[in-house]
Amino acid sequence: MNRLIFERSRTGRVSAQLAPAGAVVDDIPPALLRAAPPPLPEAAELDVVRHYTRLSQKNFSIDTQFYPLGSCTMKYNPRAANALAMLPEFLAHHPLAPEATGQGLLACLHELQEILCEVSGMAGVSLAPMAGAQGEFAGVAMIRAWHRSRGDHARSEIIVPDAAHGTNPATATMCGYAVREVPTDRSGNVDLDRLRAAVGPQTAGLMLTNPSTLGVFEQRILDIRDIVHGAGGLLYYDGANLNAIVGKVKPGAMGFDVIHMNLHKTFSTPHGGGGPGAGPVGVAERLLPFLPIPMVACEAGSDGRGTYRWLTEADRPQSIGRLSAFMGNVGVLLRAYVYARMLGRKGMARVAEFATLNANYLMVELARAGFDLAYPARRASHEFIVTLKRLKDETGVSAMDFAKRLLDKGVHAPTTYFPLLVPECLLIEPTETESKETLDAFVAAMKAVLEEARTQPDLVKSAPHTMPVRRLDDVRAARELDVVWKKSTRT
Amino acid sequence: MKIARDLKYAQTHEWARAEADGSVVVGITDHAQELLGDLVYVELPQVGKVYAKGQECGVVESVKAASDIYAPVAGEVIAVNDELGASPEKINEDAYAAWIFRLRPSAPDELNALMDAAAYEGMVSAEPG
Amino acid sequence: MLDAAGVGGIDALFDEIPAQLKQVRLERVPEALNEMQVTRLLQERAAQDGRWSSFIGAGAYEHYIPAAVWQLVTRGEFYSAYTPYQAEASQGTLQLLYEYQSMIAGLTGLDAANASLYDGASALAEAILMAVRLHKSSRRILLPANLHPHYAAVARALTSSQGVELIELSYDSRRGTITPDALPLDGAAALVIAQPNAFGGLEDVHALTDRAHAHGVLVIAVVNPVSLGLLNAPGEWGTQGADIAVGEGQPLGVPLSGGGPYFGFMTCKAAHIRQMPGRIAGRTVDLDGTPGFTLTLQAREQHIRRSKATSNICTNQGLAVTAATIHMALLGPAGLQRVAQTCHANLLALLERLQPLGVRPRFSASCFHEVVIDVGAPAPAVLAAMRAQGVLGGFDLGQWSPELSSSLLVCVTETKTMADLDHYAQALAAALSGRSSQERAS
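Residue numbers (my numbering), protein chains in the order written: chain A, 1 to 491; chain B, 492 to 620; chain C, 621 to 1062.
Derived from the structure by calculation, the hints contain no laboratory data.
Here the structure is a predicted model, which is why all the values come from computation and not from measurement.
A hint or two may mislead.
[Said to hold, decoys possible] BS3-like, lysine-lysine: derived pairs with alpha carbons at most 25 Å apart:
| # | chain 1 | residue 1 | chain 2 | residue 2 |
| --- | --- | --- | --- | --- |
| 1 | B | K581 | B | K555 |
| 2 | C | K756 | B | K544 |
| 3 | C | K928 | B | K544 |
| 4 | A | K346 | C | K928 |
| 5 | B | K581 | A | K392 |
| 6 | A | K409 | A | K436 |
| 7 | C | K756 | B | K540 |
| 8 | B | K555 | A | K392 |
| 9 | A | K461 | B | K555 |
| 10 | C | K928 | C | K889 |
| 11 | B | K555 | C | K928 |
| 12 | A | K409 | A | K461 |
| 13 | A | K392 | A | K461 |
| 14 | A | K436 | A | K486 |
| 15 | A | K486 | C | K889 |
| 16 | A | K392 | A | K346 |
| 17 | A | K392 | A | K409 |
| 18 | A | K486 | A | K389 |
| 19 | A | K436 | A | K447 |
| 20 | B | K540 | C | K928 |
| 21 | B | K555 | A | K389 |
| 22 | C | K889 | C | K756 |
| 23 | A | K487 | C | K756 |
| 24 | A | K389 | A | K409 |
| 25 | A | K346 | A | K436 |
[Stated by the list, open to error] Using C-beta positions, here's what the derived DEER-type ranges look like:
| # | chain 1 | residue 1 | chain 2 | residue 2 | range |
| --- | --- | --- | --- | --- | --- |
| 26 | C | A890 | B | K493 | 32 to 40 Å |
| 27 | C | P638 | A | P317 | 49 to 57 Å |
| 28 | A | E7 | C | E636 | 54 to 62 Å |
| 29 | A | R194 | B | A608 | 55 to 63 Å |
| 30 | C | R671 | A | K436 | 31 to 39 Å |
| 31 | A | P317 | C | P976 | 27 to 35 Å |
| 32 | A | P30 | C | R671 | 35 to 43 Å |
[Stated by the list, open to error] Partial chain B-side listing against chain C, Cβ under 10 Å, derived:
| # | residue |
| --- | --- |
| 33 | Q546 |
| 34 | E547 |
| 35 | V550 |
| 36 | A556 |
| 37 | D559 |
| 38 | E612 |
Beta carbons are placed, not taken as given, at the ideal position from N, Cα and C, and that holds for glycine.
Produce the complete structure using the sequences and hints provided.
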């Protein structure tokens, strides 16, 4: 472990002061003033720069490694998107500054709304949600608001397939709904008979990811639509896997009433070690009044040029309301806008094509290398599942061990133990931005670990061996919680 | 997997034991602790609270899973095993010694409706993989 | 690759999708621009928006950010890394989060912190849900009317489906603050205290905290992190300290950027940590006993606990928190103190310049770096006239409340020079005299 920045601290050492000393405060009641200075580290600028540069070097990242992390769409983040979102005028723009001083920024956001409407096939889009999970919240809250606006208070359940991301049931709970799970059949589709039995006057809606987290397209989506709509429920599209169909199929055409889109996946904004993301929501016509605020409107001016403004409570009285103090994650939205403009109409359709081609190529090559596919009879979407159940039974090497050993080969591990339905699974998503050479190198790394698992299982079980730390004691981390450094706990 | 012969079992993997004073002691089974792995936290029921049969009354948590504890019979909680607050691993060490709470049952007959050791063993061995 | 994948063409890869769904047109997506063209477009739009001398705060604050901060944040290894689920390959992010948690816990004077939430307003909503879980028997929350109205709106939007009852507390019309006497504390789960409040004013946090605790009511502090260079940490409020502290982290090294991305911070007393939502980094050891970092308490989170999770959140605002951590490390205790003191001193210096114009604070409570002034004329017209002189003179409070339609919320930070303050005073004087001459003319 690198020493903590606190352990590098030396009394009196300073870097940025950024403000003159000596301002005396005598007009605030002394009882409201801080008694001792805040316990922050004292370090020179070079100490700080070196410390955080070195920390960064302990990370895997897309810029340094292949990241076949299923369901996360770790594609390359174009540098232009970052540079242009950080133009000084955009960075200095205050969210409550007059709209007249932000027309350039608002134009970008309005065009992004239009682009997202078009690719999702929905009637309207709000950019407000700050992450996919907040988009889900907004979506389910709109479903609730719609039922209530029609005086239908009997709908108390959200249906979620058992393969769904954990955010789906967690979101339904946050919106005051009970969760009913429906199982998946052997081929990876939602079990339609069980779905028919599950719907009724209590059904508010169904949350569905398509292609599903099992890496396959839900073939009977139109039957699902009819079953849910027939019961008076609405259909929610979890856009986690939109990258698989963007430009090829519009969720609106599949009959979905609400969708959220993860811009940090499909629109290539950075994951940033865990955020910030953005999760715009789109809706069909009947849900338009409920979209979260603020939204950008374009009104034709007298000179024929559009004038942009934010829509608020006064414009949208039926809105589910505000999800953030200001305008959502604008800087992330700008990055997505730049990405979309650089892709353009034709490039947008190539995303799904190349992502799907890469996944299917990799799936076939891995099967040829001796890996078991969870759904061998199915076409891969932009991702697919390998199961290591047989390997575990034969050698004791688990999916976790396998993943850790891949780190030693210079590859970020695929998603492990998700979805929960497939034992010892690796969910693999190469994305469209990786070359054939990278995919072939990954196959070689997978083969090498497979061989090691058979010949030297202990080597794999004790992996990783080349990372800054070896496998960490999660149990100790949870039992002996140490989440905040204190001088007294200095080691 | 160990199954204690003299205990009663719920489908949700709690064990229950009738005490001489009429109270019922509850814990989770050895099979349950095996499935969960190393426990890191036990959320104990509130003493004095009355639970219905099958009602959620606590949580056992490992690093990879969290599972609700359900009251195997209805009744009022009269004691909890405070030792588990600091040492949840006691359940991993011996699931049948590390009791979680004690109930005063409101319908003592409910205990008879629970599975015996043989039935519980049959249920667990029928579980997939 | 198509051959290897066993298909004759790209279209065959999509053969499981019903044909009727594949008729896609993307007319509203414009044709592609290359990088040079898109750069030109965005530069033009940015130039159109221009640069202003801004005195708007109202929850988002202009501060100087040292150059090192974002140069480090945008290193590819931070910028393009994933959530640190594979701990061994993410020690950089994880150690940084642990350092962040330590800094923000220290700043707020509380024991534990998470790795951040989306923004200040959504962090308050999460704190309200957390307080309801902690309190167990009440779902009633007391929200002051001088809380930022968008915070109240977000709290309402995010908690209303869970049966949480939000009670508004009126403020004293002279002081602009909440009066500790006669609060409806009986039967409430938590009292929210904003310090400074949305008018920039300072509340009697000690009395409010003690009153709440005397009634078994939890205290949620909503604080500006930069103000904590000068003001009491929530952990020092009253005799026991606030139970949960949240706030907008943006002032710590995150640019205004049109409203986001920012980050919400949340800290709490040690006893409450298991009800805290969001990601938490923890220190542990590896197989060899070497210290290292990992995400911990994950069993509370949605990917394990699903419908029973503490929240559906599965992100922290990673890059914004990275910036804040580096920013706090560069400022250090003395730097943060100086920034806070200078903000406050600059506010007083501005008020001094406004006195000759007959413009005074509307409320009598002391302020940190933001104040409500009464300009005696409709705020929109005054602001428009100031804008014509390159000054964004503050926020029009008429947007929040009709009775404040001649009031501006004005913020001054350390970024303003005495010349900027002179310019403000001149612009306001001109706006007011221009107005009065217009009135005379009409």
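Against the structure, the hints:
1. B:K581 / B:K555: Cα-Cα ~18 Å, so holds.
2. C:K756 / B:K544: The given pair, whose Cα atoms are some 21 Å apart, holds under the 25 Å limit.
3. C:K928 / B:K544: holds, 20 Å
4. A:K346 / C:K928: Distance ~43 Å between K346 (chain A) and K928 (chain C) Cα, so the pair is violated.
5. B:K581 / A:K392: violated, 29 Å
6. A:K409 / A:K436: holds, 18 Å
7. C:K756 / B:K540: Status holds; Cα separation ~13 Å.
8. B:K555 / A:K392: holds, 19 Å
9. A:K461 / B:K555: holds, 18 Å
10. C:K928 / C:K889: holds, 23 Å
11. B:K555 / C:K928: holds, 15 Å
12. A:K409 / A:K461: holds, 15 Å
13. A:K392 / A:K461: holds, 11 Å
14. A:K436 / A:K486: Violated, because 49 Å separates the two Cα atoms, which is more than 25 Å.
15. A:K486 / C:K889: holds, 14 Å
16. A:K392 / A:K346: At roughly 44 Å apart (the allowed maximum being 25 Å), K346 (chain A) and K392 (chain A) break the hint.
17. A:K392 / A:K409: Distance ~20 Å between K392 (chain A) and K409 (chain A) Cα, so the pair holds.
18. A:K486 / A:K389: violated, 44 Å
19. A:K436 / A:K447: holds, 16 Å
20. B:K540 / C:K928: Given that 25 Å is the threshold and the Cα spacing comes to 21 Å, the pair holds.
21. B:K555 / A:K389: holds, 19 Å
22. C:K889 / C:K756: This hinted pair holds, its Cα atoms lying about 17 Å apart.
23. A:K487 / C:K756: Distance of about 34 Å is beyond 25 Å: violated.
24. A:K389 / A:K409: Holds, at roughly 22 Å.
25. A:K346 / A:K436: OK: K346 (chain A) and K436 (chain A) at ~22 Å, within 25 Å.
26. C:A890 / B:K493: 32 to 40 Å: Check passed, 36 Å falls within 32 to 40 Å.
27. C:P638 / A:P317: 49 to 57 Å: violated, 39 Å
28. A:E7 / C:E636: 54 to 62 Å: Roughly 56 Å apart at Cβ, these two residues keep to the hinted range, so it holds.
29. A:R194 / B:A608: 55 to 63 Å: violated, 33 Å
30. C:R671 / A:K436: 31 to 39 Å: violated, 47 Å
31. A:P317 / C:P976: 27 to 35 Å: violated, 44 Å
32. A:P30 / C:R671: 35 to 43 Å: holds, 39 Å
33. Q546: violated, 14 Å
34. E547: holds, 9 Å
35. V550: holds, 8 Å
36. A556: holds, 6 Å
37. D559: holds, 8 Å
38. E612: The hint is violated - E612 (chain B) has no Cβ within 10 Å of chain C, the shortest such distance being about 28 Å.
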